[in-house]
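Asker: Just so you know, the protein sequences line up as chains A and B, in that order. Our numbering puts the first residue of the first sequence at 911, with every later residue one more than the last. Our numbering puts the first residue of the second sequence at 710, with every later residue one more than the last.
It is possible that some hints are incorrect.
[Said to hold, decoys possible] Covered stretches of chain B (in silico footprint by chain A; criterion: 3 or more residues with CB under 8 angstroms from a CB of chain A, positions within the stretch not fixed): (1) 776-782; (2) 828-834; (3) 837-850.
[Unchecked claim] Residues on chain A that point at chain B, a partial pick, calculated with CB under 8 angstroms: (4) Ile936; (5) Tyr937; (6) Asp967; (7) Arg1002; (8) Ile1003; (9) Ile1006; (10) Thr1007.
Hint data in this document are derived by calculation from the structure and do not stem from the laboratory. These numbers come from a predicted model, not from an experiment. Idealized CB from N, CA, C, for every residue including glycine.
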Amino acid sequence: MDANPIVLDETADDVVVVVVEGEHDIYTAPTLRERLDEALSRGGGIVVDLTAATFVDSSVLGALLDARRRAIEAKQGYVVCVGETVEPGVQRILDITGLVPVLPVLRGRDEAIEAARSPNGAGT
Amino acid sequence: MIVTEPAPEVLLTMPARPEGVGVVRQALAGMADALDFDASVLADMKMAVTEACTNVVVHAYEEDAGVLEVEMLADEAGLTIVVRDHGSGIQPRPARSEPPALGLGLPLIAALSDSFELRGSAGQGTEVRMTFSYARGDDPADSVRIDGRWDPDAAG
Chain A
911 MDANPIVLDE TADDVVVVVV EGEHDIYTAP TLRERLDEAL SRGGGIVVDL TAATFVDSSV
971 LGALLDARRR AIEAKQGYVV CVGETVEPGV QRILDITGLV PVLPVLRGRD EAIEAARSPN
1031 GAGT
Chain B
710 MIVTEPAPEV LLTMPARPEG VGVVRQALAG MADALDFDAS VLADMKMAVT EACTNVVVHA
770 YEEDAGVLEV EMLADEAGLT IVVRDHGSGI QPRPARSEPP ALGLGLPLIA ALSDSFELRG
830 SAGQGTEVRM TFSYARGDDP ADSVRIDGRW DPDAAG
């Protein structure tokens, strides 16, 4: 598990960043769901930072979409960021599924945090 | 690429559990490296094989007693990966896991591989066979776009 950590960074005001590193699939998706639940329970904006993720599968996308739906319902901002140089194991599945505008997906963490400050920022 | 050595062949057999899927990816990465596959093709292979193995883990068996088999066969054309279970076959029944699946597995495999075949019947298990060419002309995903054909908001 240590090679593929998922941790919360709460250093930004009003926005919790869920930092996802390494490879993630059906084995770690339950942990990701737990962390996303924690982040949502804070009541502010949520950023999921996949910059250091090297691989995500459809189980991960399912967790990200569930959290997005709940964030929208609760009027919390929700943004995914992937960094400037995106791993093929992350970029490809986002491209093919057409989820970049849906989640939405931005590049840098700072711009994602800024975007997640607006309630209902996701999908608009 | 010309394969002059005897074609590499790998057969992995393991319990159909979530922790095994990453092990299959590791083995696949080693195989693809030995065969000089491009990093972008390896990324597609990892994704397709992960989805196929996840289907076995989630759908194949009622109890946690079944096996996941993965076979990797290299020939002149490319690398063929076969993901097999001995479960109850493809049936419209609920997934074992709590969160609903997106139903993206097979469409992703079809989009990412250069050729793809699904075999199975009730009680006989299921076999997903996918081939990745050494040299790619067009991106296989260009002809099988998934976006626009499913609604992510309907998944939850």
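Asker: Decide, hint by hint, whether the structure agrees.
Answerer: These are the hints, each one checked on the structure:
| no. | hint | verdict |
| --- | --- | --- |
| 1 | 776-782 | violated (count 0) |
| 2 | 828-834 | violated (count 0) |
| 3 | 837-850 | violated (count 1) |
| 4 | Ile936 | holds, 5 angstroms |
| 5 | Tyr937 | holds, 4 angstroms |
| 6 | Asp967 | holds, 5 angstroms |
| 7 | Arg1002 | holds, 6 angstroms |
| 8 | Ile1003 | holds, 6 angstroms |
| 9 | Ile1006 | holds, 5 angstroms |
| 10 | Thr1007 | holds, 6 angstroms |
Hints 1, 2, 3, counting from the list given before, are not met by this structure.
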